[in-house]
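Novice: Below are the chains, spelled out letter by letter.
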Amino acid sequence: MKRKKYTAPEDVTLPKTPTGIEGLDEITGGGLPTGRPTLICGGAGCGKTLLAMEFLMRGAMLYDEPGVYMMFEESAAELAANVRSLGFKVEALVARKKIVLDHVHIERNEFEETGEYNLDGLFIRLGHAIDSIGAKRVVLDTLEALFSGLPNHSVLRAELRRLFRWLKDRGVTAIVTGERGEAGLTRYGLEEYVADCVIVLDHRVEGQISTRRLRVLKYRGTTHGMNEYPFIITANGISVMPITSLRLDHPAGVQRVSTGVPRLDEMLGGKGVFRGSSVLVSGSPGTGKSSLAAKFVETACRRGERALLFAYEESATQIMRNMRSIGIDLETWVKKGLLEIHASRPTLQGLEQHLVMMHDMVCAFRPAVVAVDPISNLTLEDTEAAVKPTLMRLIDFLKQKQVTAVFTSLTSGSGAASSPEDSQVGVSSLMDVWLLMRNNEFNGERNRTLYVLKARGMHHSNQVREFVLTAAGIDLLDVCVLDDRVLTGSARATQEAHLAAAAELRGQGHQHRQRQLASKRKAVDAKIAAMRAEVDAEEEEMNLAIKQELMQENTMRQNATSMAASRGELGNKHNLSQGKP
Amino acid sequence: MSRPPSHLKPPVAAFELRLYVAGQTSKSLTALTNLRHLCENHLAGQYSIEVIDLLKTPQLAAGDQILAVPTLVRRLPEPIKKIIGDLSSEERFLVGLDVQPAKPLKPAGE
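Line by line, the protein sequences give chains A and B. Per this note's numbering, the first sequence starts with residue 14, numbered consecutively. Per this note's numbering, the second sequence starts with residue 9, numbered consecutively.
The set of hints was computed from the structure by calculation and includes no laboratory data. If you're wondering where the values come from, they're calculated on a predicted model, not measured in any experiment. Heads up, a few of these hints could be off.
Only pairs whose alpha carbons sit at most 16 Å apart, straight line, appear in this in silico EDC-like list of lysine to aspartate or glutamate [to be verified]:
#1 B:K89 - A:E123
#2 B:K64 - A:D144
#3 B:K35 - B:D61
#4 A:K467 - A:D278
#5 B:K35 - A:E129
#6 B:K35 - A:E126
#7 B:K89 - A:E126
#8 B:K89 - A:E120
#9 B:K89 - B:E58
#10 A:K110 - A:D77
#11 B:K89 - B:E24
#12 A:K414 - A:D373
Sequences and hints are given; from them, build the entire structure.
Specialist: Have a look at this one:
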């Protein structure tokens, strides 16, 4: 039995004896009053005997305080058999002289009263048992049997008063059990004698589900938790879950963990959620809440962290099979011991006991991630007012442990008329991140969408994303928005194709225009070339003409020269020189 | 204070009685005196008495399921019968031990 010793607070005015029962020591601020008797009362089957026995067993095992169990109803063998089913091996401790079991058998019809007597016989028996092992703890279960066994109650009452005085003088820490009575706490008014500490156990049935509860009615000389605390009887004994939400001082880390869906991480500021935060995934049926939770858990395992999945709708194997169909392999991690799936029916026990059980499992397994799928099922039987404080305790507890938690919640009424924001059980205010998943019915099909309703302490996307489950896993897609309408599924695909086609068409138009321009440019070029050729031709012609003219001139001059020569040398010389060009 | 039977006639007494007391208190002394007186009157010659002081032998208290003192236990004949108190009532003594009165009842003891 692995339970750590409870370390009492530093300010202890009254010496206390730890019971070793986790939770109870916290409520009582360290345990039962040392050296004084404590009364534990309650109806039949509420766990008095077990609580008393656990007090002795843990005393002997954890604190080295031997104990005497004096029983008036069951025999030692019966008791040993009864508590063995709860994991206590009394015989071993009896053999090691840590515990003495003494069965006081009273049979009314074996007795005949003649004159005065006292209960020294009982005192001597008890004293002998205490001395034989040096007991520090004593349980009397239940003294009330004496009232039916001994006819003279006035003697008995006087003797009981003496007995409690005597127990105090012996300095043993005692538990006295008493059956709940009609008028008082106990049938024979034992509370009259035990004035130091009274613990009431209760076993109530509400909505066909029974819940055990414990309350410290009175604890003289010390403060203690006043509330009723649910407790369960597990294979390891009693477990009381104290209210943790008296304080709100859990540390807030800055480390972020991935949700396992990259696009979702992107929506949450690009890094996922804070470690130790609580995520609520709510949505109508079939929107993929469980898948998202499973993905979250699987991702934690991939990181090498431990994860715990509480399933209240499907069995463990069913979950593993179903998740495999979308590429989430949980089985591997279960085999590796990183993942634990705890599946049970919500109606198995009350909400409070479910929480106690979760509390215990989280303490034992120490996961980094916890998923509860779904919390809305847990709240079936309880009224809404009762749900919030209990869930608050769980969330607070998980935060204290720095466990990242994912809760799925089924919103009632999938129609668009009921607002999903209203359909939560008032727990959303406790959550750090709230993802809302919806089914969009349009165009003859339903498609899943997801958006981030809130995410404390981080930037988050305001966009609606389409949530797609494929054999390869979970993905988020951008949705198409057309005329104020969000398109998903094939409508989105159609719209996307439509847009693509239009884009292509436009592309083709552009090319056409470019080609036209190019040919025009070519035509222009050709024209330019022709004109240039024309000009060239003109130039050539012009040059030719000039040449011809020059030649004519030359010829004329030669003719003139030859004429002058023929007329006279001198005069002609002068004229000739002047006339030269 | 365990003492041998004081009036043993037959090898096995028909009435084997055991008186549990806690110390030499006036109550236990009264009980013992009353017991001797009653036995002589009604069971003369067929009884044995063993007195057990639980202060000396506390481990014996569990055996006969002793709670109150003084307690007289009729170990034989079967079944075991118990009488608690100082045996000041002769009638209840006889009823408790299932004994037929030998002579008319008279006030016994103090």
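Novice: Are the hints correct? Go through all of them and say.
Specialist: Verification of the hints:
no. : hint            : verdict
1   : B:K89 - A:E123  : 6 Å, holds
2   : B:K64 - A:D144  : 14 Å, holds
3   : B:K35 - B:D61   : 13 Å, holds
4   : A:K467 - A:D278 : 14 Å, holds
5   : B:K35 - A:E129  : 8 Å, holds
6   : B:K35 - A:E126  : 14 Å, holds
7   : B:K89 - A:E126  : 11 Å, holds
8   : B:K89 - A:E120  : 10 Å, holds
9   : B:K89 - B:E58   : 15 Å, holds
10  : A:K110 - A:D77  : 11 Å, holds
11  : B:K89 - B:E24   : 11 Å, holds
12  : A:K414 - A:D373 : 12 Å, holds
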